[in-house]
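There are 2 protein chains.
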Amino acid sequence: MKTYKLAVVGATGLVGQTVLRVLEEFRLPIREYKLFASKRSAGTTTSFMGQEYVINELTDTSFDEGFDFAIFSAGAGVSTRFAPIAASKSCIVVDNSSAFRMDPKVPLVVPEVNIEDAFCNSGIIANPNCSTIQAVVALKPIDRVFKIKRIVYSTYQAVSGAGQKGILELENTSNGLPHSKFAHPIFNNCLPHIDVFTENGYTKEELKMINETRKILHRPDLRITATTVRVPVLNSHSESINVEFENPFCVKYVRMILEKSPGVIVLDDPSKDVYPLATIATGHNEVYVGRIRRDYSVPNGLNLWVVADNIRKGAATNAVQIVSELIKHDQ
Amino acid sequence: MKTYKLAVVGATGLVGQTVLRVLEEFRLPIREYKLFASKRSAGTTTSFMGQEYVINELTDTSFDEGFDFAIFSAGAGVSTRFAPIAASKSCIVVDNSSAFRMDPKVPLVVPEVNIEDAFCNSGIIANPNCSTIQAVVALKPIDRVFKIKRIVYSTYQAVSGAGQKGILELENTSNGLPHSKFAHPIFNNCLPHIDVFTENGYTKEELKMINETRKILHRPDLRITATTVRVPVLNSHSESINVEFENPFCVKYVRMILEKSPGVIVLDDPSKDVYPLATIATGHNEVYVGRIRRDYSVPNGLNLWVVADNIRKGAATNAVQIVSELIKHDQ
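As they're listed, the protein sequences go chains A and B.
Using the numbering used here, read the first sequence as starting at 4 and increasing by one per residue.
Using the numbering used here, read the second sequence as starting at 4 and increasing by one per residue.
For the record, the hints were derived by calculation from the structure and aren't laboratory data.
Treat each hint with caution, since some may be false.
Just so you know, same-sequence chains aren't split out, so a pair can sit in one copy or run between any two.
Calculated pairs, SDA-like style, for lysine to any residue (alpha carbon to alpha carbon, straight line, at most 25 Å) [to be verified]:
(1) Lys168 - Asn178
(2) Lys184 - Ser274
(3) Lys255 - Val199
(4) Lys168 - Ile283
(5) Lys275 - Pro188
(6) Lys150 - Ser264
(7) Lys207 - Met105
(8) Lys275 - Gly179
(9) Lys152 - Asn203
(10) Lys275 - Pro181
(11) Lys207 - Val254
(12) Lys275 - Glu202
(13) Lys184 - Gly166
(14) Lys207 - Asp276
(15) Lys152 - Pro302
(16) Lys152 - Tyr299
(17) Lys331 - Phe29
(18) Lys150 - Asn303
(19) Lys255 - Thr201
(20) Lys184 - Leu270
(21) Lys37 - Arg84
(22) Lys184 - Thr282
(23) Lys152 - Asn250
(24) Lys152 - Leu225
(25) Lys184 - Asp272
(26) Lys150 - Tyr299
Please work from the sequences and hints to get the whole structure.
So this is what it looks like as structure tokens:
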């Protein structure tokens, strides 16, 4: 069996640390791991694969020693600067940042949805935005059969989506301390404001959901709107998804399709209070789908409630899955 | 000036107590107030209008002494039994419960929207569901000009909507104590489950939003779907509302209409992080509207973010406003 050398960039962050946990679980044929972070963390150690790994400072020459893969989770700035360097040295980068997602030369990949795109890469593969990943995992299998016509997204996004600082901010504002990470206190509020506002009144997060869904589904003209909202929940994003399909469907069959879809767990038995919840999804790699019911206000309308661990499937797990698939096809 | 005698039924509950606060603020020409609750609370006192009022037990003969108005906030059971008795004794009941809302003989009234309906009553006027009230206050002024074609509601509803027990449950589950009021712990979760589930997979809360919006707007066939969600927020409901209109509109004009609409406060300056929030709405009687922006996925689409104090405008204030309007027209 071929073995590989993998770099984890941003290994000390919330996503990076979860990348390490997922790598431990996935047991890929990696012969050597190397962990990178900023100068601030360099020289410290972190537990990984049952031992203490030293954190190395990421520099222009970090990739000179040769890597097969690198998983970047250190923000758009670091990715913009270092991912092309890694790629130029034959390392395939799976990038968790937004830096390259909409670059037409860069595939934007969710393994359950469009793994085929990953193989046509020029060294960089982008990991989509967390809220988009879980949506398309649930939508693609139904789209295949009934063809999506329009999507209305309303999200309920956890504070962990803003990293350790987001988590701390929920705790701090719960204790009456002032806010600093979010524009307003997240405690006792739902903030309709994730990432920055753009000129047309949409936030970047909303535009990401619209544009990334289109790119992943290969439907550049798909009609989508989105309202993305931060809620005072620690981890796992929930989404109210309203979809119209081109073709008539029966709800039972949609449920059956989802039950058989990779990476999807259907939790949908309202009579027993069974539906997806953030605390159920947290710590798991799957996308949970429930409240599957017809929207009677349009001919082929459907409502879904979709929940996933935004740090796992929304970031770390999806990235590791991409590497795993590339390795599988390289054996 | 004519003066009136008013009964407050359910005076010790979360809504009932807020009815008292709103009555203190509104200073209606009421010459005599009488407060009622269940046997359990009878004999206790509560502060109201600067003095201590005795709570009386509600019985079949409570309305024999003659009342002009009664505001009921004691649940559907109490309303079903006692509101007809009050009405039969010439008392006009404004009922906060769901008992009579869809009764074709009972007007369902939001003063800013359809106060005219209130005058055609047979002794009972229903106060709509909290999540519906704030939605129609925001939607009606735009509907008047551009005619709504379809609505997709996704709600972010505070625990106070479930009364004192809901508030206690958020506190308890935050402290690791078990849940009892909601089907699952509300701490760190968004529960897509308000009121009970019905056969078609919708909750009663979702059906209330659909049916009550239609009744209040006098549009029995209006196309609406809804996903209603309880969030770990103390007070004030937020709503992501997606609307399609029959006629073309310009967003600036929509904003202008809303700015001039009674009971609406527009908070919509994203560049300055200004948008409605639960903590801003709490304690106020108005409906806050922001994130007003075009939905580009349909010809005449609009997204709104609508927040209001569910105990005030969603219940107590709306009821007192109805009484206030009836008095104004009776002078």
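Status of the hints after comparison with the structure:
1. Lys168 - Asn178: both (15 Å within a copy, 22 Å between copies)
2. Lys184 - Ser274: between (40 Å within a copy, 17 Å between copies)
3. Lys255 - Val199: For Lys255 and Val199, the Cα distance is within 25 Å only across copies (21 Å; inside one copy 40 Å).
4. Lys168 - Ile283: Both ways: Lys168 and Ile283 sit 23 Å apart in one copy and 24 Å across, limit 25 Å.
5. Lys275 - Pro188: between (35 Å within a copy, 15 Å between copies)
6. Lys150 - Ser264: Answer is within; shortest intra-copy Cα gap is 16 Å, inter-copy 40 Å.
7. Lys207 - Met105: Classified as within: same-chain Cα gap 13 Å, cross-chain 42 Å, threshold 25 Å.
8. Lys275 - Gly179: between (37 Å within a copy, 23 Å between copies)
9. Lys152 - Asn203: both (23 Å within a copy, 23 Å between copies)
10. Lys275 - Pro181: Intra 40 Å, inter 18 Å, cutoff 25 Å: inter-copy only.
11. Lys207 - Val254: between (33 Å within a copy, 20 Å between copies)
12. Lys275 - Glu202: between (45 Å within a copy, 13 Å between copies)
13. Lys184 - Gly166: within (10 Å within a copy, 32 Å between copies)
14. Lys207 - Asp276: Intra 35 Å, inter 14 Å, cutoff 25 Å: inter-copy only.
15. Lys152 - Pro302: both (11 Å within a copy, 14 Å between copies)
16. Lys152 - Tyr299: Both, since 16 Å and 13 Å are each at most 25 Å.
17. Lys331 - Phe29: within (12 Å within a copy, 71 Å between copies)
18. Lys150 - Asn303: Answer is both: 10 Å inside a copy and 23 Å across each meet the 25 Å cutoff.
19. Lys255 - Thr201: between (40 Å within a copy, 17 Å between copies)
20. Lys184 - Leu270: So Lys184 and Leu270 pass the 25 Å test across copies only (21 Å; inside, 34 Å).
21. Lys37 - Arg84: within (19 Å within a copy, 72 Å between copies)
22. Lys184 - Thr282: The answer is both: 23 Å in one copy and 18 Å across copies each meet 25 Å.
23. Lys152 - Asn250: Close inside one copy (9 Å) and across copies (21 Å); limit 25 Å.
24. Lys152 - Leu225: Classified as both; 7 Å inside a copy, 21 Å across copies.
25. Lys184 - Asp272: between (38 Å within a copy, 19 Å between copies)
26. Lys150 - Tyr299: both (18 Å within a copy, 19 Å between copies)
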